[in-house]
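Undergrad: Protein chains in written order, with the UniProt record's numbering: chain A, 1 to 147; chain B, 1 to 218.
Check the hints yourself; a few may be wrong.
[As the list claims (entries may be wrong)] Below 25 angstroms or equal to it, Euclidean Cα-Cα: the simulated DSS-like pairs (lysine-lysine) are:
{"hint": "1", "chain 1": "A", "residue 1": "95", "chain 2": "B", "residue 2": "163"}
{"hint": "2", "chain 1": "A", "residue 1": "38", "chain 2": "B", "residue 2": "163"}
{"hint": "3", "chain 1": "B", "residue 1": "124", "chain 2": "A", "residue 2": "32"}
{"hint": "4", "chain 1": "B", "residue 1": "177", "chain 2": "B", "residue 2": "154"}
{"hint": "5", "chain 1": "B", "residue 1": "109", "chain 2": "B", "residue 2": "124"}
{"hint": "6", "chain 1": "B", "residue 1": "109", "chain 2": "A", "residue 2": "32"}
Everything labelled a hint here was simulated from the structure, so no lab data went into it.
Computed from a predicted model, the values in this text were never measured in an experiment.
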Amino acid sequence: MITYELCLLLRVMPKPELTTTLKRAAEAIFEKGGIIRKLENLGTRDMPYKTSVHGAVHKKASYFLYEFNAPPSSLETLLDAYSRDVDIIRRQIYKKKAIEPFECTLNDEILPPAYRKDVQELISEARKLEKPKFSYNSGLDYYPFQK
Amino acid sequence: MFRLTNNLKNLTLSIEELSANYTNLQTVRWQRKPRWLPVAKSKVFRIPKKPETPQEDNLELQRLFNNYRTQIKSLRRHFFYKHHIQFLASEDPEQQRIIFEKDLDRCNKINDKWNAEQKVLREKRAQENLEVELEFARKRIEVENIKREEHKQKTEEYVKKVKEESKEFITAENIDKAIEIALNNPVDYNYALTPSGEKIFGRENNEFEVKEKISVKQ
């Protein structure tokens, strides 16, 4: 069972109209035999760029996120149905990915370079390539013979 | 290629003269046509002269060869009669049959002995192979069982998880309520990270508010 994420950008509307549009979008999923797992309102805000659809130019949009399960063959028809909805500016369906386990290493990363482990490893690696130098073992800090 | 010269002049050969000194050597040019070239046009109709041997020599050679052939033939025949099995024993067919049967018996005995030895070895090997194969099959069954068990467990876990999640699914019945809740609770995943690792959520919580600029000249 694949979980999909549907990102909807609705045009700015009063609340009752928003409700009916959201319900219309949800019912399209139910019609295909799908289930909705989650509905989120991501707020109303400026779009990154102005968009013209259905004969109007939009600069602001209400962002909504549906998480749902539906047969993969129905996705195309769903998107097609949404594209014909006048209240929807943009729509896109993504596959939801499971969050991989993640370990935060920020504390190590913001250390000064000399204390970072990877830098220390690099230095030790470079030391290995250095040519051996001859030491006279004479205890003197100068060369006693003529060079 | 080089050839030694001057040696034929003195019939007494010495080591010094055979030395590979270049003054003693004469270059020999290798002037030969390659094998794959056809016969020259001027030599196509040339018929090489047959070597002529004198009549006396011919007769002598013939005589010698006849002698040689006769002797070889008689020798061959002699050895054949001496060593052939047919002429070794008596010529009595009954006797020959007995000899043949004895020999066959002996051969059979040797053959049976070998077969018996091989049978023991073969059975031992077959037994070992069977044992190995059985062990392999047992191991495979074990591995397969473990795999199946793991798969079953995984599926069960997944079903359990989905069952638990299904309580919170939004269906046609509770969609109105879900929409109402969503509209009233906007979510914002944006956050800023401070060096100490704190997360500051939201978009418009600027700590340093823009102060109104007051011009000095007033």
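Undergrad: What hint numbers does the structure not satisfy?
TA: 3, 4 and 6
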